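Colleague: Sequence:
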Amino acid sequence: MDEVTNKVRVRFAPSPTGDLHVGNIRTALFDWAYARHTGGSFIFRIEDTDTTRVTDEYIAAAIDTLRWLGLQWDEGPEVGGSYGPYLQSQRLDIYSDWAQKFLDQKDAYYCFCTSEELETRREAQKASNVAPGYDGQCRNLSADQIVAFRAEGRTAVIRMRMPDGHTTFVDQIRGEISFDHKYVPDFVLVRGDGSPLYTLAVAVDDIMMKVTHVLRGEDLLSSTPRQIRVYQAMDVAIENYPIFAHLPFVMGQDNAKLSKRNGEVSIAWYREAGYLPEAICNYLALLGWSPGDDVENISMQQLTELFTVERVNSSPARFDMKKLEAINGDKIRALTLDDFLDRALPFLIRAEVIEGTAAEIQLVQAALPIIQERITRLNEVPAMLKFLFVKDFVVEQDSVAKISDASSKQVLTRALDELAPLQEWSNTSIEAVLRSALIEELGLKPRIAFGAVRISVTGGPISPPLFESMELLGKSVCLARISQAIAL
RNA sequence: GGCCCCGUCGUCUAGCGGCCUAGGACUCUGGCUUCUCAAGCCAGCUACGAGGGUUCGAAUCCCUUCGGGGCUACCA
Numbered sequence: 001m002d003e004v005t006n007k008v009r010v011r012f013a014p015s016p017t018g019d020l021h022v023g024n025i026r027t028a029l030f031d032w033a034y035a036r037h038t039g040g041s042f043i044f045r046i047e048d049t050d051t052t053r054v055t056d057e058y059i060a061a062a063i064d065t066l067r068w069l070g071l072q073w074d075e076g077p078e079v080g081g082s083y084g085p086y087l088q089s090q091r092l093d094i095y096s097d098w099a100q101k102f103l104d105q106k107d108a109y110y111c112f113c114t115s116e117e118l119e120t121r122r123e124a125q126k127a128s129n130v131a132p133g134y135d136g137q138c139r140n141l142s143a144d145q146i147v148a149f150r151a152e153g154r155t156a157v158i159r160m161r162m163p164d165g166h167t168t169f170v171d172q173i174r175g176e177i178s179f180d181h182k183y184v185p186d187f188v189l190v191r192g193d194g195s196p197l198y199t200l201a202v203a204v205d206d207i208m209m210k211v212t213h214v215l216r217g218e219d220l221l222s223s224t225p226r227q228i229r230v231y232q233a234m235d236v237a238i239e240n241y242p243i244f245a246h247l248p249f250v251m252g253q254d255n256a257k258l259s260k261r262n263g264e265v266s267i268a269w270y271r272e273a274g275y276l277p278e279a280i281c282n283y284l285a286l287l288g289w290s291p292g293d294d295v296e297n298i299s300m301q302q303l304t305e306l307f308t309v310e311r312v313n314s315s316p317a318r319f320d321m322k323k324l325e326a327i328n329g330d331k332i333r334a335l336t337l338d339d340f341l342d343r344a345l346p347f348l349i350r351a352e353v354i355e356g357t358a359a360e361i362q363l364v365q366a367a368l369p370i371i372q373e374r375i376t377r378l379n380e381v382p383a384m385l386k387f388l389f390v391k392d393f394v395v396e397q398d399s400v401a402k403i404s405d406a407s408s409k410q411v412l413t414r415a416l417d418e419l420a421p422l423q424e425w426s427n428t429s430i431e432a433v434l435r436s437a438l439i440e441e442l443g444l445k446p447r448i449a450f451g452a453v454r455i456s457v458t459g460g461p462i463s464p465p466l467f468e469s470m471e472l473l474g475k476s477v478c479l480a481r482i483s484q485a486i487a488l
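Anchor point for the first sequence: position 200 equals 200 in our numbering, and the numbering is continuous, going up by one each time.
Among the hints, erroneous ones may be present.
Claimed, not checked - Straight-line Cα separation of at most 20 Å, DMTMM-like style, residue types lysine to aspartate or glutamate; simulated pairs:
(1) Lys391 x Glu352
(2) Lys386 x Glu360
(3) Lys475 x Glu431
(4) Lys7 x Glu310
(5) Lys210 x Glu47
(6) Lys386 x Glu352
(7) Lys409 x Glu441
(8) Lys182 x Asp135
(9) Lys101 x Asp235
If you are wondering where the hints come from, they were derived from the structure by calculation, not from laboratory data.
Just so you know, these numbers come straight off a predicted model, no measurement behind them.
Produce the entire structure from the sequences given, and follow the hints as far as they go.
Modeller: Right, dumping it as structure tokens:
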């Protein structure tokens, strides 16, 4: 807890070396949910200390993605906060001050070993079956030796001294975990060019930003002793260490980590494919966590109410696109008409089915109710409604044969005759007329008779409900299309 | 190799010593409904990795083993 406000402070601190992916977002979601559940603060921090891999575009994309998902942060980029700046690249002075302090305290030391030298020695260690890791060569350099190395033109990294002993901490998800320092070698805090590494920045920031809970991926579990070592060097009281909780992985179809090869990882992809942010969050929440009872379809609000770290699983979960789709379909069906319209419009415009005129929007609004329970992703909307807007209507190639036979012609001709004089053009009147003529009088099976009409009017064998579709299309267009089909 | 983490239906999970002949969801299969496609409803298939203990009793506790994963960078 923050000793002043007694409030929980959780941070999501991605390193934007690419688009945020499913695993990142699951972590962000849990961070956010935990902060909201406890009434604490959700802090968003950008870990951009690796300047060779992080780009401004990725940072902007990360901000955009989090916004889109509705994971509003209380402190961080664009919103500020009392412990900023929240981009590590803007906190460089802070890190070098601490590094200097560690040097002065002899907790850290200059190391002049080159990458090549380190590499050769590591190989040797492996060959002789010794645990690879820094061997301590530069641990106790004299002032003269340092001068000599500098004279050689060598640059130095700043390395943290790992004392003998062990580090034990309680992970909220996994329980007590202990690491013998024999397996935690001295690690680099500052690069040869003076820039800080994650190992330094993450620990300094979590302390200085008064972070109380660190919920992050389990890949960082074994780096925890190093963070704790930095806390000690910073002279932080143990009760002010953040509480750690290492979240299980989200994995791909095979049991490797989720990656491009076995399922889409980029959240941007899901957004374009028409997944709803609340569906993504709902599904992701179920990966590694569950509300406990048999409820699965929950709102963001319910998630914040129900989420506790105690209920987070320790075992990895496989990402299942099928289940995401099922939840997405549920969420789409639950949308109000206005909301559905707002979300569907961009997809229709992007697919160039409509331009966005008032008349078009009005027709879309009228049509959405009949497709709402038929789609599972928003990007299916354009194909579903295309028949209502297409300028040069033609029957799909594969379907032409299905309405070219004599009996189909008879059905269509009869339908045209019955519909032409119809006064009231509504789905009920259209159905009544066609049913009585085609089914009762001609004695046809509904699927045969209506199938032919469907193809002639919508262009294909699969469409929204026929009579509603015809009502939306309007009388003159329907008659024209049926005539056109008869002439095929 | 070493260290660390993990192990219930195909998948996500419920289960925290007796309520479990293991429940739910997704998937799959069959059926109902039906103007196509969906949606909805009903039914069915399928799991405690293995072996030892502890206990009157174990999916639940302990040990071993096997399997999977992470880390082992001047990445995070």
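Colleague: Taken at face value, is the distance from the CA of Asp235 to the CA of Lys101 at most 20 Å?
Modeller: Status holds; Cα separation ~11 Å.
Colleague: Taking only the CA atoms, is the gap from Lys210 to Glu47 under or equal to 20 Å?
Modeller: holds, 16 Å
Colleague: Take a quick look at whether Lys7 and Glu310 sit within 20 Å of each other, Cα to Cα.
Modeller: Given that 20 Å is the threshold and the Cα spacing comes to 19 Å, the pair holds.
Colleague: Verify the proposed pairing of Lys409 with Glu441, using a straight-line Cα cut of 20 Å.
Modeller: It holds: about 16 Å lies between the C-alpha atoms, which stays within 20 Å.
Colleague: Could you grab the alpha-carbon distance between Lys182 and Asp135 and see if it respects the 20 Å cut-off?
Modeller: holds, 11 Å
Colleague: Just to be careful, I want the Cα atoms of Lys475 and Glu431 compared with a cutoff of 20 Å; is the pair within it?
Modeller: Since the Cα atoms of Lys475 and Glu431 sit roughly 13 Å apart, the hinted pair holds (cutoff 20 Å).
Colleague: For a C-alpha distance cap of 20 Å, please report whether Lys386 and Glu352 respect it.
Modeller: holds, 9 Å
Colleague: With a cut-off of 20 Å on the C-alpha distance, tell me whether Lys386 and Glu360 pass.
Modeller: Roughly 12 Å separates the two Cα atoms, so the pair holds.
Colleague: Compare the distance between the alpha carbons of Lys391 and Glu352 with 20 Å, and conclude whether the hinted pair is satisfied.
Modeller: holds, 12 Å
Checked against the numbered hints given earlier, this structure breaks none of them.
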